[in-house]
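Enquirer: Sequence:
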Amino acid sequence: MPGGTSPGWVMCCSTPQEQVKRVEHVILLNESGAAIGVADKQTVHTDSTPLHLAFSCYIFDSAGRFLVSQRALSKKTWPGIWTNSVCGHPAQGEPIADAVRRRASFELGLTLDEVRLVLPAFRYRAELDGVVENEMCPVFYATVTAEPAPNPDEVEAVRWMPWDTFRAEARDDAYSPWCQLQIAELSALGETPARWQAGDPAQLPPAARTAAR
1 MPGGTSPGWV MCCSTPQEQV KRVEHVILLN ESGAAIGVAD KQTVHTDSTP LHLAFSCYIF
61 DSAGRFLVSQ RALSKKTWPG IWTNSVCGHP AQGEPIADAV RRRASFELGL TLDEVRLVLP
121 AFRYRAELDG VVENEMCPVF YATVTAEPAP NPDEVEAVRW MPWDTFRAEA RDDAYSPWCQ
181 LQIAELSALG ETPARWQAGD PAQLPPAART AAR
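Numbering of the sequence shown is given in full-length UniProt numbering, commencing with residue 1 and proceeding in unit increments.
If you're looking for bench data, these hints aren't it; they were derived computationally from the structure. Do not rely on the hints blindly, as some may be mistaken.
Said to hold, decoys possible - Label-pair distances were calculated between CB atoms; the ranges are: (1) Gly-37 to Asp-164: 35 to 45 Å; (2) Pro-206 to Gly-80: 29 to 39 Å; (3) Pro-152 to Ser-32: 35 to 45 Å; (4) Ser-105 to Ala-198: 31 to 41 Å; (5) Ser-62 to Glu-127: 32 to 42 Å; (6) Pro-50 to Asp-129: 15 to 25 Å; (7) Arg-195 to Glu-127: 27 to 37 Å; (8) Pro-50 to Leu-73: 24 to 34 Å; (9) Ile-36 to Ser-62: 22 to 32 Å; (10) Leu-73 to Thr-46: 15 to 25 Å; (11) Ser-74 to Asp-47: 14 to 24 Å; (12) Asp-164 to Thr-43: 10 to 20 Å; (13) Asp-129 to Ala-184: 31 to 41 Å; (14) Gly-80 to Glu-185: 22 to 32 Å.
Note that beta-carbon positions come from the ideal geometry of N, C-alpha and C, so glycine has one too.
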């Protein structure tokens, strides 16, 4: 790959001394879930955010506790809101399960053990203070054996909770709207997260299936 850059990233000079930084792109989608382009993640979220590809992940430890995270106060979208363990956007050409592992490492300092697709077709749109989220957002179940080491640029705080306690608490507006919607669909999979059946990869948005090849 030219210059050694990763798929979905571009390298740009940020200072006269040619210090470089990574610009993260999100994959834009049409209504069928096919990729139609990319946009800069830092500028894509507005009052008319285009439909794009994302993911959410729910992380559990060996005792069955769920890892809840609070979004950093510096976040443009839903700052300080409690939500599921980790969210993110796959890069162009990146298998979506690899993107889940990448963001769990970056945001939480965690190496995921099992990663299981559970809600391949989840989609939502939500708005807060004039900023819109508009995503096709497959949902994953994952397990860990280590303790998180949150990245303060991404995560304000974390806590472990019993799943049933979390489901009851997450009805409150202190939790993200996508998380509330996902919980309703996850609950239909069964009371015990470890027993949730894997979703059908054929139900993923086409852009996510393409990235998974």
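Enquirer: Are the hints correct? Go through all of them and say.
Expert: Tested hints:
{"no.": "1", "hint": "Gly-37 to Asp-164: 35 to 45 Å", "result": "holds (42 Å)"}
{"no.": "2", "hint": "Pro-206 to Gly-80: 29 to 39 Å", "result": "holds (34 Å)"}
{"no.": "3", "hint": "Pro-152 to Ser-32: 35 to 45 Å", "result": "holds (38 Å)"}
{"no.": "4", "hint": "Ser-105 to Ala-198: 31 to 41 Å", "result": "violated (22 Å)"}
{"no.": "5", "hint": "Ser-62 to Glu-127: 32 to 42 Å", "result": "holds (38 Å)"}
{"no.": "6", "hint": "Pro-50 to Asp-129: 15 to 25 Å", "result": "holds (19 Å)"}
{"no.": "7", "hint": "Arg-195 to Glu-127: 27 to 37 Å", "result": "holds (35 Å)"}
{"no.": "8", "hint": "Pro-50 to Leu-73: 24 to 34 Å", "result": "holds (26 Å)"}
{"no.": "9", "hint": "Ile-36 to Ser-62: 22 to 32 Å", "result": "violated (42 Å)"}
{"no.": "10", "hint": "Leu-73 to Thr-46: 15 to 25 Å", "result": "holds (20 Å)"}
{"no.": "11", "hint": "Ser-74 to Asp-47: 14 to 24 Å", "result": "holds (20 Å)"}
{"no.": "12", "hint": "Asp-164 to Thr-43: 10 to 20 Å", "result": "violated (40 Å)"}
{"no.": "13", "hint": "Asp-129 to Ala-184: 31 to 41 Å", "result": "violated (24 Å)"}
{"no.": "14", "hint": "Gly-80 to Glu-185: 22 to 32 Å", "result": "holds (25 Å)"}
Checked against the numbered hints given earlier, this structure breaks hints 4, 9, 12 and 13; the rest are met.
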